[in-house]
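A.B. asks: Sequence:
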Amino acid sequence: MDTEHILSLTTDYALGLLTAEERRRVERHAGRCPTCRAALARERSLAALVRGAVQQATWPDPARLGALRPAAARPRPAVAPLYRRLAPVTLATVLLALGLLFGRGAPSFAPAVFAGGTPTQTATQTHTPTATWPASGSTTAPTIIAAHTAAPQPATTPQP
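So that you can map any letter, position 151 of the sequence shown is 158 in this note's numbering, and since no number is skipped, the others follow by simple counting.
Errors might be hidden in some of the hints.
[To be verified] The calculated label-pair distances, taken between Cβ atoms and stated as ranges, are:
#1 LEU108 - ALA70: 48 to 58 Å
#2 LEU105 - TRP66: 50 to 60 Å
#3 ASP68 - ARG32: 34 to 44 Å
#4 PRO82 - ALA48: 38 to 48 Å
#5 PRO82 - ALA45: 44 to 54 Å
What the hints contain is simulated information worked out from the structure, not anything from laboratory work.
Where is the CB? At the ideal position from N, CA and C, for every residue including glycine.
Modelling step: build the complete structure from the supplied sequences, incorporating the hints.
C.D. replies: Structure (structure tokens):
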């Protein structure tokens with residue numbers, strides 16, 4: 008092999024496909040033959056270009072690499088986002104407000120006097136309790152007599 012050129016083995020040598028014994032023979036011959044040494048240098052540079060092109064074509068861009076990872080593998084933040092921390096507080100506040108609003112009945116927003124401008128009469132009832140006291144020295148309790156009076160009272164309305 009020393010007298011013949013090893014041009015047929017230079018590609019396999021550059022790609023790392025030769026056995027250890029074939030690799031030593033190519034190196035020994037390329038050390039003495041300038042033609043094979045130049046061919047081997049060309050094959051090595053070509054193999055390096057091919058490896059770089061293949062690596063560039065097959066490896067994802069580091070910026071896109073994070074998007075290709077599964078969601079479970081992404082690290083979770085140590086503190087939950089603000090909207091997740093405020094959700095229970097907001098829910099409790101809304102429930103409390105609804106309980107206060109509807110728990111004791113809705114407030115009446117109706118006006119006390121209608122805007123018709125005509126006076127109306129309302130019936131009012133007054134309770135005036137009266138009591139009779141027993142004679143002094145008696146052990147009986149006082150008797151309460153309730154008096155009910157009902158009289159219509161005119162309601163006042165604002166004049167426009």
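A.B. asks: Kindly indicate which numbered hints from before are broken by the structure, ordering the numbers from low to high.
C.D. replies: Those not satisfied: there are none.
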